[in-house]
Each structure stands twice: as structure tokens, then as C-alpha cells.
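Peer 1: Protein chains in written order, with the working numbering: chain Z, 1 to 175; chain B, 1 to 943; chain R, 1 to 455.
If you're looking for bench data, these hints aren't it; they were derived computationally from the structure. Some hints could be false.
Unchecked claim - FRET-style restraints, in silico, Cβ to Cβ:
hint	chain 1	residue 1	chain 2	residue 2	range
1	B	A868	Z	P93	36 to 42 Å
2	R	S22	Z	G41	23 to 29 Å
3	Z	F80	R	R35	56 to 62 Å
4	B	A581	R	L350	29 to 35 Å
5	R	K302	B	R650	45 to 51 Å
6	B	R495	Z	P88	39 to 45 Å
7	B	D689	R	V150	46 to 52 Å
8	Z	P93	B	D689	54 to 60 Å
9	R	D290	Z	G41	26 to 32 Å
10	R	D327	Z	P88	23 to 29 Å
C-beta: ideal position from N, C-alpha, C; glycine also.
Listed below, chain by chain, are the residues.
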Amino acid sequence: MASYGMLAEFASADELLEAARRTRAAGYRRIEAYSPFPVHGLVEALGPHRDRIPLLTLIGGILGGAGGYFMQWYSAVISFPINVGGRPAHSWPSFIPVTFELAVLGAALFAVGGMLVLNGLPTLYHPLFNVEAFELASRNRFYLCVRCSDARYDAVEVERHLESLDPLLVQEVPA
Amino acid sequence: MHDRKYDAGADDLDAFAQERRRVLKLMAAAAAMAGGACSGPPPEKIVPYVDTPEQSLPGKPLFYATATRLSGYGTGVLVEANEGRPTKVEGNPLHPASLGATDVFSQAAVLQLWDPARSQTPLRDGRVATWDEFLLDTENGLRELDASRGDGLFVLTGAVCSPTLQSQLEALHSRYPGMRWHQYDPLHRDNELRGSELAFGRAVDTRYSFDRARVVLSLDADVVSAAPHSVRYAHDLASLRRPHADRMSRLYALESFPGLIGARADHRVALPPADIERFAFRLGRDLGVAPAVVGDSPAPSFEKALVDDLLAAGAAALVLPGPAMPPRVHALVHAINHRLGGQGQTFEHTPPVAFKPVANVESIRTLADAMRAGRVRMLVILEGNPVYDAPADLEFAARLRTVARSVHLSAYADETSAYCRWHLPRVHEFEQWSDVRAFDGTASIVQPIIAPLYGGHSAHELLNVLLRSGAAAHDTVRGVWQRTFGNTDQDERWRTALRDGVIANTRAAAVTLAPELAESIFSNPPPPVDLAINFVADQSVRDGEFANNAWLQELPRSMSKLTWDNAAYVSPSTAARLKIASGDEVELRRAGRTVRAGVWVLPNHADDCVTVPLGYGRTRAGPVGDGIGFDAYRLRTLDAPWHGSVELIRTGAQRLLVTTQHHSRMEGRDLVRTATLAQFARNPQFATDEEIEKVPEHTLYPDRPYDGYKWGMAIDLNACIGCNACTIACQAENNIPVVGKEQVLRGREMHWIRVDRYFHDHDSGVDFQPVPCMHCEHAPCEEVCPVGATVHDSQGLNVQVYNRCVGTRFCSNNCPYKVRRFNFLQYVDRTQESLKALRNPDVTVRERGVMEKCSYCIQRIQRGRIEAERLGRKLRDGEVVTACQAACPAQAISFGDLNDPGSAVRAAKASPRNYALLAELNTRPRTTYLARVINPRPDDTEE
Amino acid sequence: MAKSVAPALEPTQPPARQTYASVSDRIADLVLKRRSRWPWFLGFTLALLCMLAFCVACAVLFWKGPGIWGVNIPVAWGYAIGNFVWWIGIGHAGTFISAILLLLRQHWRTSINRFAEAMTLFAAGIAGIFPVLHLGRPWFFYWLLPYPNVMELWPQWRSPLVWDIFAISTYLIVSLLFWYIGLIPDLATLRDRAKTRGRQIVYGLFALGWRGEARHWARHQSAYLLIAGLATPLVVSVHSVVSLDFAIGNTPGYHSTIFPPYFVAGALFSGFAMVLTLAIPLRHFFRLHDLITLQHLENAAKVLLATGWLVAYGYLCEIFMAYYSGDRFEMYVVKDRLAGPYAPVYWALLVCNVLVPQVLWWRKARRNVALLFVLSLVVNMGMWMERFLIVVSSLHRDFLPSSWGMFHPTGWDWTHLIGSIGTFALLFLLFVRFLPAISIYEIREQLHEQRKEGA
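Take the sequences, apply the hints, and build the full model.
Peer 2: Here it is, written out as C-alpha cells:
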């Protein structure tokens, strides 16, 4: 059917949190919550969530560091060894700073890249943007949305459930 | 290409375009101007030096033996020609005045040759004219002279040491008995000449053998700087300065202006000229050749020690009178030396090497009188620049203007040319056929290495014109020697003469004489002067002859380290007395004449005395030499050729004087290490024993092996006389640009090897320390270069890769020796054609933004290696010689392969005196120094 | 929630009357609604002129070479390197505030971290220009980049200059990412509040379609924290590496192990000075007294006082170590600083960096805005003099007295310094005009937390 889901608007983070909990308790699984700032516990309220960013960051760091050291070793020892001030080709102490910097760089890139990819950003078009009120999601309003792809989705049912959470408004989001 | 050459002379063109013949001549001249690269070899047969192949291989330089002139006397040199272009000068080992070394002037000769400011066409009354017009005009003059049998014909030369010129002058005289010949050289030897006449009743030259002298006293006689014999004497002097307990000479020096010999002296006293003269009198008295004189000793302890030493040394003692000392001192010194008995051992007399030497000042005066009296119909000036350098009170310029027919032959259209009807461009030594005698009489043939770049003629050609002989200079010269050689194997001997650069058995034979002094000469000792003036030849431009030579201008003067200027030098205490400081402008007044000069306060200078170097304040020297410094000649009068009294008034203005060394003390750092001979005998390790604990033996990183060649250098601080020959030789060899006064002021001079000069804190001693790149095995510069533009090669050379350098200058910061030089701006002249022709094709020309430094003359090393590999053997010691090493008159620098057990450099480094500069930094320099050992009288130093 | 009564707030937090809506609107409207007034245009014009002068100076530099400056042998490094170190130092406070104070849960940072980060970016960016300008052949700067750029030749990894390249570019990139992901939610706010199509599109593009979904927030926050964690050692490393440009060298006055910490301390010192220099006009002209409160300024002043003492300790340590080491060259450098030709600079910087900041012991002084502003300028100046002295005075008299020299700045030296300051000001003025100078979503979050505490 041509709909994205059912959207309910709340005035405060706590109300949203409460609404999320009760909606999940009501058996809905495909729920989304929107807030103008990160609300503690909201994700958990929406259901199990695994944060992969730290792992990605670690991988990025390791790749950056290892790659950095290898690059220096390869170029200074294998590719083009030169006698520089009588120092040995593999003067490892001098290779540390670059290695460190590249490790940090790799980690940072993976952290941000991972965040964007997993968040599916950029997404310049989204059905929610068609909802007039949703502008306030970036200001002072809090939204709960039950996706119509939810197994138990039934427009009437969902609307009644959401109304029961005394929102500022409930509205269907066209796809 | 042709259009461009045409343009080169275009501005002169419109002046007389109508006359076709002139235009053609002009174009020819322009073609020459457009760059020597187009100029071919001379037409006649020239002969390369001893062991270089005759045929020219592209890329392989040829060496030709010839000679350069200084005050008329010759010094044998070898000129390196690349594809026919003279690019470098080396000394001629077979020549007695060189023995393979050179002075700064010979090194700079190539720049003089390629100098685009050299006069390029004849001038008539200052307007461009042609040689043919000159011939026409002169012919008319000669006709008049024929009538008068030469009355009114005057010829002015310097000292004539060229047999050919001599014979031509004789011929001219026999044709024109009325002709008058005058000689003037501002750096004349009048006192020497008069002195010998006083002592022996005749003119004689005196030659010294320093290699036999155990005790030497210099009476303001700086024999090792800027004179025709300096290179040889420096060599001989050094040979007895090596520290041997029993074979080391002792040097005493009295001087007004601190000179090179004073810097090497074991005992040195600075006195104003009059006091030196008085001291000479006392010395004569002490040695019993002169009557007692009044007055007490200017330097008592010095005098006592000296007299004892002189008497002890006897025949091995030698006293040198300075050229500025009055005739009676020269006479007195002859007496002293004879009394000491050194004739035939430490010195010998010979008939004058120069042809008919006369007292120059007298000679130029009579010429001036003749001009005033209007007796001069035709004046031919073969040499010199009298309008600029004749005694000021002669008003030479004004007189010269009155002369109807005056001809001036000179390399530059200079001050004198401006007052003559005719100026004729003179060819450079390397462009002409001639001959010249060295200070000891040895004759050399001067052969051209390249055809005249700018047309131009030699003195011989000009005289042939006066003699109406059509002979070419080559034939004239050869003709003269034909007589000497005789007819047996004529050609062979000519070829040998050309090849070797010396003509066998032409050394002047010694004559044994005994001096007789008239008591009278000792009457009226010199009156004390409140403030004495002391005229000296400038170390770089000499009498002004080299004023347009940028290499010499930028060469720091040994003592003051001043460049691009002369200054009125005074001692610190005199400066304090007169309340003046370095940089102040003062007005010097004497005999109603005044000159404004910048003051430079110089330690070790005599008190109550102002030294003014000659050769500056030129107005028509050329773009480089014009308008810098002040003209000391304006104060130099007939009665005071060297010394006199002077008034000094501060003007309140400032003069910008630039030096390359701002700090003159060692700050207690053991940079130059010195011991007395006695201390050295007791502790040969003195140079290194205190640094043992400072230098780390162990290093975190394993040492790199260098098992092919392993180049190294040792510099003997005991031998170095601080003459700068190494610096300028390096400049010529390595295409080092000149940066100019303003850039030197900013501290951006480019010399790859500099000679550091340190004044001692407690005595009046001076140390010289030549500093090239140290080629450290643990080079700090290399470690910090982000792009690997300076790295080590397999021979352990610290090489600079110009085309990789991005110019971070980190290497220079990290070089403790500060030997790296940076092209802060585009210093190399990329436009001047003739300067391109001057450059050494084996050395990269550096662009702006690039770091450069001493490379141990890597191009010479590579050339040697290629040659050796061609012959399928290793290089032998001495086959690779760096430019600085080759030029050094004192042989202070040894260079070679440290892996070769027999190499001279290994031997030098084996000396206990060997030490590394700043060894405690563990840079492991390949360049090391041999500590200095001085030989003062034991009782003065030991207690 | 407007009706909910907020408790007494500590002064670093937005006061009670603020609501989610009001903070959002106020900060956003600085960008969207507020018309620029004459002070902004005046500043903009001046800054623009300086930047143009900077461009001209660079053109002349590229045309003629570094010889237009006063640099020479022995003083081969001059203003260019001094400016570089100075700017990098200034570029430290931003990340320090955002990252380290974030990890330390210093809530007061919220109202100043955004523009502090911007300051960091601009300062570090400008700093990055100088090493390139300083080259003899700047067009070959890419030979320092890590690839076999000419004839298979790589950079020379033992050179601290190469380390610099990595340290600074990493620092720039990480700071940019940190700043940007912090901006995304606020860009979304601007997108949603923008009235004109153009702005909606531009802000919309950079907001990447941010919707504030809970899981997005979770990942956003965890990435933000991690980068903060990474940035912390990074901040320390950057100026440490910069200090190695000197410490690795053997020049007396350079070759010293105290340099890395000493440089970092100096960096924070100058960085916080610059924060004050920027914050005070900002809050004045944009009427942000309730967001950037006296308490903020006072806290910054305290940091200034503390870091000032670290720097002072560095100065002491240098002198002590010189004499403790017994190295005659090191000892001479100290003597030369105290009494040599550059002594006036040394004493001036002691006054600026050590003496004057002591007034901050008094609360009155810490809360006197005008005085703080002047003081911040004094410290900036003092730190610049320190950089100059480190670079020049160590070089001008090193091992061989024969090679001693002096550095005299030329007009171009000054043009490059003043021009770079102008360029910095220009960038900052544009920033406050087009981006929220204060992090909106973090202020909202803060309000929310207060309310929880209050409830």
C-alpha cells in the first residue's frame, strides 16, 4: 500500500521514550523514533541495537598504522635504499611518528565512514520530509513512527494505539 | 641569431650608418660582442701542456701553459680550455713563481677575459671608431715625428719584463732617437731601487730563499700577498714552518697594517711607519752597521729577543724591507743582511729583471712636466691608468688633455682613455702572443688560448704600428727568441718553450756585491707624526686594475673580511681616541686635498695610523667597479707615495661597509687549536687529548662500510696563510655565482670554502681556518632533508642533488659548520652570453631556491675515475686534486683516498696534530685539521 | 514544557527561559534572519584587504624567491616557520575543548566548542600554508607527499618535516570530520528553518538528509565520542611533532627533550588566548551573553593561567637544563637570549606570557571582559614572540662564531604575518555568518538534562 507508516508527534523526550516503550510492548517491531537531540535509552526502547562503530574504528586504526609502517619500510629498505647520514635503511625509530598519525587517520576515517554508511546517509529524499510537521523534528518536537512494513501493521489499529499515547498529533506518512 | 648579433651593436649603428665600411666593421665587432662562444682558436700553432693529448676531444679539457702578469712580472699558469673556451686557471708546476699554485689574480683572470664590460672597439675622442682610422691618424703623426727624429714622441709603460717589448722599445728608440720612454706603476718599487743604489751604487734585484732562512724579520714587508713573488715566497716560507724541533723557522714581523706575514709571525708588533723606520735604525745600531740613533725603542722586549735570534742564526737570518720603507731603510737592511752573512744562502742579488728600471714617481713627474711644457707631440700609453693613479699633485688629467696626439691601449675604456684622443682595446693575456719574465728572471712565452673575443690588440702590435712593421705579434715574439735559441733545433725549442711554459736557463744569474753606506743617510731620523696615512695595494683590486672583477670584489679581505669596498682602517685604541667607529664616514685631509671614506676598526692595526687601500673610487672601471669605495690616490702626492701625515674629521654620516664575518673571536671554543713548538714537543697529542672523553666512541647505528674509494681532506692550519686563493679557485671551478654587496650584507654570500679569521683574545695573534664541507659520515644535514636531496654516495661523499632540492633549508640549520649556501634569489646570470662561455661545463649551474655546497670537486673525481677505468686501474694518489688544493700556495690542503695506505692525506691524518672540528657532535667529518704550532722564543713563553 | 519550572542553573548553562525552540531559533536566526551590521562589514573589509595583501606577497614570493624575506645563512628559517608554529599552536584549543573537555564531561564547553573548532580548522589550515611558502621551490612541494614522485624516489622518512606533513594533514582531516559530524544535526535544523529555496538546498545538501532517527543518533554519538578519543592523543602529537622539527636538529637551543610537552603547553596557552579573542567580540556583537556567559570566560581564563604556568616552567627548564648539561654551546644560547641582540624580545615575551597572566589569580580580573580581551591579545603576541625567538635566536649564533649572523625582517615578512591574520579573520567572519556558531543540538540536549536534574 502507498504509505510509509504512521507518525505520532510528542512534546518531550520523556513522552517519546514512554511512547516507544509502550509501542514495542504492544508488539510492534518496526518502530522509528525521531528527536532533535540524542535521547538516552531511546534506542534500547526501540529494540535490540548493536553498535558496530567501535569495531570499525579499531580496524581502521590497525590498517592505517600497519599500512603506514609498511609503506616506510618498503620504500626505505626495498624500493629505494639510500645511505642517509650513515643511518641504516631500516631506522625504525624514525618511522614511528608517521605510523602513529596514519593509525589515527585510518581510525577516524573508518569511524565517520562507518557512521554514514550504517546510517544510510546521505539520503537527500525521505518520505518523512513530505510531512509538514516533521520540520520540527530538528527543533523541538519528538516523533514516533510505526512502519507499515511491520508484520502487525494495520492503519486503524496503529492509529488507535498511537492516539492512546496522547501525542500532539497522529498522521499517516505517504510513501 | 644573426639579427640578435646585429642588434647587439645597433645603438651605435645610427651614428654613422651612412658609411658602409664602418658598418661592416661594426657588425664584425658586434659579432664578437655577441659572445666569445663564437670565437675560435688563435690562427697560429699553440701547444698544450706537457702530458695532455694534442687533439681536442669533445668534453675533455685541454691545458695550455702561458703566463699572467702582475706589475709587469709574470707568473706561469696552465689555462684549462673546454672546447677552446678558457674556463679555469691552474698554476704551472714548472714555473718558479708558481710551482703549481696561483694567487687570486690568476684565478680571476678568466673572469677578466670573459668580462662583457671589456672595451670592444677603438674610440676616437670617446666616439666609436675603427682600427684603420687609427692607423691612418697615426701615420700622419709618425710623419711629423720622422721629420723631428722622434722629438715629442713619448711612451709610457709600467715595468717592462717582456724581452719582446724590450727589443721593440729599443728598435723604436733607434728609429726615433728623440723619443722619451717613461715608466709608471702606482705600486712601484722606487724605494727598493733607490735603496740598492744607495747601498751598491747600482740597481739590483734581491731574491730571497725562505726555505733556508731560520729567523726572518719583516719590516712591513708582506712578501706573501699580492706581489709577483708572493706565491713562491709563500711556498718557501711554509716549507720551514712545519713543526720540527730543529727545522722550524721563527718569524718576526713589524707592520702598520695587519698583513698575512704578520698573521703567521711568532712575534709581531704593530707600529706606525715612522716607528718601524726608527726601529730599523736601532736594529742597524744593535747589529753594528749604523751609528747610534736617538730615541728609545718602540718595542724593547721584541727588539732584544730579535737581535739575539738574528745574531744566533747568522747566515740563516734574513731581514725584509717593505716596499713602502724609504730607500735608506732598504740600504740599511742590505747592510744588515750582508753583516749577518746570508748572501748566497738566504738571499742573492741579481741585475734587475725589468728592462732599465727607473724611479717611477720621478719618471711620471718629468712626463707631466714635458706635457706642461708642451713638448709632447705624441704620447703612447701602453699600460696603466695614470689619470686615475698618478700622484694627485701632478694634475695628470689636465696635462694629458693638452697633448695633441695621445693613444691609450687598455683593456677597459677607463679614466685615462677618456682624456686621450685614441683609446685602443687591449687583448687579454689569454688572447695574445707575448713573453714575460718572472720575478727571478725566468722567461715564459705567453701564448693565446683563444682568438681575441672583441678584436683588440697587444702592446707588441701597437709598437709594430709605430715601427711601421707589418709583422704579426707571433712572428715578432718568435723573432726575438730566434736570437736566443740560435738556429739549432729552433722549432723544437720553441715548441718546448710553449709546452712547458718556461724557457730553460733564463733565470737571472746572481752577482756578489758588498754594500757601502754613507753615514749621512742616518741623519735626521723620521719625525714623529700625529696621525700617519699608510697607502697599501688592495688585496683584491690591487691598484684598481681588477676593479671590475666581481669575483675579486666579493672576495672577503683576509683581515677585515670586508667585501665590495675599501675603508680607512684604524686600530681600536686610535678609533677610541678619535671617537670613531666602524661605518662612520670621515674626511681625510692632507696637502689641501680631501677624501671621504668609511672607517673600519681593525684589531692588530698600528695606533696613530690610518691605512687606506688603493684601487677604489673608480669612475670608469665598468659596471661592477664604478662608484664603490673611495679614491685614496687623491691623497697620494709626489712627496708621500706611501706614507705621510693626515687629518681625520668625522662627517657624522655613515658608510655601509659589508663583511662576511661579524664575529671575530673564538669565544673560548677550541676551533683552531694552537701550541708552541716546545709544548708540541712535550705533548704531540695536544690537539686531541682534552677532547677524548667528549667524543663518543660508540654509536647506536653500525658504521657504514666504504670499501671502494673513501675520500678525505686534511687542512694544515700551520701552513695556511689566509690568502683566499682556495676560495676564488673554488668559485671559478664550481660556477659559484656572485651575489653583490646588498646580498652579502644580508648574509647570503655563496663561497663554498670560506676562510674563517679569528683574532686572539689575549695576544695580537690571528688564526685562519679554511672551512669547506666536512663531508661528515654521520651527516646531520642528510638526516633532516625531507626529500633526500642530500645523501651519501658509495665513496662517502656528502652529495647535494640540486634537481631534487626543494629548498627547505633544514640542512643548513642542522649543519654545525654552516658550510651550506642557498640560492635565496636567482643569483646566476642567465642572460649574459660571455659569462655562459666562462662556466665549467662539468658543474651544474644552480637555480634559485636550491641549496649548494662544497662537493670535494666531485666532477674532478669522476673525470679521474673514468680515466682510470679506461686504463683499467685504480686512481693513484694525487691524480685527483681539488681546486682549492691546487691553488693553495702553502700546500695547506691535502686530499685523497683514505683507503689508500700510501696516500698523502692518510699521512697527514696520521699526524698527532690531526683533529676534527666539533668532534664532540659525533658527525665524523672527513675533513679534518692539523693543529697550529707556533715557534716563539722559548724564554718568552716558558716560565 | 514551557510551563515546567526550571531550577536555579549554574551560570555556564543556558538560563531557564530558554526552551528547545528558543535556543534553536536564536542560534539559527543568527545565520538565517539577522542582517549583518556595520561592525561585521567593517571587519570583513579590513580582513579582505589583509587577505589580498597576503596574496600579493605570495605572488611576489613565488616570482622572486625567499630572498624577499630577511632569511639568510645562518638564519635560514625566519617568520615563515615562526608563523607556522604559532598558527598550529592556536589551532590546538579547538580540538582540545571539543575532544578532551567532552571526554571530561565539561558541559560548559558546549557553547564554545563549535566556533573553537572552526578556529582550529582555519588556524591549522593557514599554518599548513607556511611550510609550503617557505620552500625555495614551492611548486615542488608535492615531493614531500608519500609516493615515489620523481624517479621512483620517496620522501625521506627520517626528516621531521615529513612527519609534519602527516601530523598536520591528519590533524586537519580529523578536526574537519569532527567539526562536520557535529554540524550535521544543526545543518538539518537550518535546512528545516530556512525560508528561501537556495538555502534549503545548500543546507539540505550538507545535512545529508539527517532526520534525527534514534539509531542514527546512537551511531552519531558513538562515532563522535570515538573521534574525540582519537583527537585527544592527536592534539598532543601534532605539536609534539612540530617541536621535533627543532628538537631533532643539533642546533643549540633546538636540541632539547623538553620541547614536545613545552610546545603542547604553549599551543594550549595560545589557543585559549585566541578562543577568548574570538569569543568576547562574538558574544558582544551577537548578544550571546546568556549562552557564552561570564562563567565560560572565567573558565577559559583559568585554563589560560594554568597553561601559562606550564609554559613558564618550560622557560625555566630550558635555562636550567642548559647549565645542568654543562654544554658550552647551550649555555651560550641562554646567555644570548638573556643579554644578546634579541634579548628585548625575550624579556618582552616573558612579560606577555608569564608576568601579565598572573592578574588572572584575581576573580575580578577573570570576570572583567575588557581586561580578558586585552590580555588574550597580549598572550597571542607573547606566544608569537616566543615562536620567533625559538626559530631565530637559536640559529643566529650556533657553533662557529665565524658564522654568526643576524636576522632582520623585511616588509614582506610582515606582510605575510599580518596577511595571514587577516585571512584567518576573514574565514571566521564568514563562518559566523553562514554556520551556527554554537552547537544547537548539544544546547538542546543540555536543556533536557537540566530538566531531568530539575525534575
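Peer 1: Kindly confirm whether 56 to 62 Å is satisfied by the beta carbon distance between Z/F80 and R/R35.
Peer 2: holds, 60 Å
Peer 1: Do the beta carbons of R/S22 and Z/G41 sit within 23 to 29 Å of each other?
Peer 2: At 26 Å between Cβs, range holds.
Peer 1: Using the beta carbons of B/A581 and R/L350, state whether their distance is inside 29 to 35 Å or not.
Peer 2: The hint (29 to 35 Å, Cβ to Cβ) holds, given that B/A581 and R/L350 are roughly 31 Å apart.
Peer 1: Using the Cβ atoms, figure out if B/D689 sits within 46 to 52 Å of R/V150.
Peer 2: holds, 48 Å
Peer 1: Would you say the C-beta atoms of R/D327 and Z/P88 sit inside 23 to 29 Å of each other?
Peer 2: Distance hint for R/D327, Z/P88 holds at roughly 27 Å.
Peer 1: R/D290 and Z/G41, beta-carbon distance inside 26 to 32 Å?
Peer 2: holds, 30 Å
Peer 1: Within 36 to 42 Å or not, the Cβ separation of B/A868 and Z/P93?
Peer 2: holds, 40 Å
Peer 1: Measuring from beta carbon to beta carbon, are Z/P93 and B/D689 in 54 to 60 Å?
Peer 2: With Cβ atoms ~34 Å apart, the hint is violated.
Peer 1: Taking the Cβ atom of R/K302 and the Cβ atom of B/R650, is their distance within the range 45 to 51 Å?
Peer 2: violated, 59 Å
Peer 1: Given the hint of 39 to 45 Å, check if B/R495 and Z/P88 actually sit that far apart at their C-beta atoms.
Peer 2: This hint is violated: roughly 58 Å between Cβ atoms.
Taken one by one, the earlier hints fail for this structure at numbers 5, 6 and 8, listed in ascending order.
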